[in-house]
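Undergrad: Residue numbers (the working numbering): 3 to 165.
Quick caveat, the hints were computed from the structure, so don't treat them as lab data. Watch out, some of these pointers could steer you wrong.
As the list claims (entries may be wrong) - Derived EDC-like pairs: lysine to aspartate or glutamate, alpha-carbon spacing no greater than 20 Å straight-line:
no.: 1; residue 1: K26; residue 2: E142
no.: 2; residue 1: K110; residue 2: D92
no.: 3; residue 1: K162; residue 2: E124
no.: 4; residue 1: K110; residue 2: D127
no.: 5; residue 1: K26; residue 2: E117
no.: 6; residue 1: K26; residue 2: D116
no.: 7; residue 1: K26; residue 2: E124
no.: 8; residue 1: K26; residue 2: E5
no.: 9; residue 1: K162; residue 2: E151
no.: 10; residue 1: K26; residue 2: D127
no.: 11; residue 1: K162; residue 2: D116
no.: 12; residue 1: K162; residue 2: D152
no.: 13; residue 1: K110; residue 2: E40
no.: 14; residue 1: K26; residue 2: E135
no.: 15; residue 1: K9; residue 2: D112
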Amino acid sequence: MNEILFKPPDLKKEQWPAMSVIAKVYARDHYQCRYCGERLILTAVMRLVSRLYPDQFPYHPNWKASLTHPAFISRSATLDHIHPIAGGGDPTALDNLVTACWNCNRRKGDLELDELGWTLVEPRDKEWKGLTELFRPLWEAAGHPSLGEDESAWMRAVNKNGI
């Protein structure tokens, strides 16, 4: 029976960077996927668009594919670890964090770049800000709706950093 015994490794409690660090990474990368180069949008901005146009741009809090506009999956900025946490990568170090699209983040998983034959792509559009400049105007247009903790943190980050 021992030949089928599987002992998972002891996992460290996973740390996650503060919202201010994530905002710095997205701004540094000009809201562009560092793997494929696509321009991305801050998810909190798209949620506000959804509040204004729920029928045309629906959002489901659990990202149910049949109930959420495809742009949420294809254009949301996500944070990725160049050297995966599972492989010992530092979960909060700025030089280990990059902006990624959902598709690249999912495909990369816990692999190293050289395992995939990937290299980091420099942002092409240095003016792109992930539509963060629209965050406050959209919030105002939506009638100043109460924001969740995540959206409130993004509002502070966008206002503080001008990103």
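Undergrad: Each of the hints needs a verdict: does it hold here or not?
TA: Cross-check of the supplied hints:
1. K26 / E142: Roughly 24 Å separates the two Cα atoms, so the pair is violated.
2. K110 / D92: holds, 17 Å
3. K162 / E124: Judged against 20 Å, a Cα distance of about 25 Å means the pair is violated.
4. K110 / D127: Outside the cut-off at roughly 23 Å; violated.
5. K26 / E117: Violated, at roughly 27 Å.
6. K26 / D116: Violated, at roughly 25 Å.
7. K26 / E124: holds, 16 Å
8. K26 / E5: Roughly 48 Å separates the two Cα atoms, so the pair is violated.
9. K162 / E151: holds, 16 Å
10. K26 / D127: holds, 17 Å
11. K162 / D116: Given pair K162, D116 is violated - Cα atoms ~36 Å apart, limit 20 Å.
12. K162 / D152: holds, 15 Å
13. K110 / E40: Roughly 16 Å separates the two Cα atoms, so the pair holds.
14. K26 / E135: Answer holds: K26 to E135 is near 15 Å, not above 20 Å.
15. K9 / D112: Answer holds: K9 to D112 is near 19 Å, not above 20 Å.
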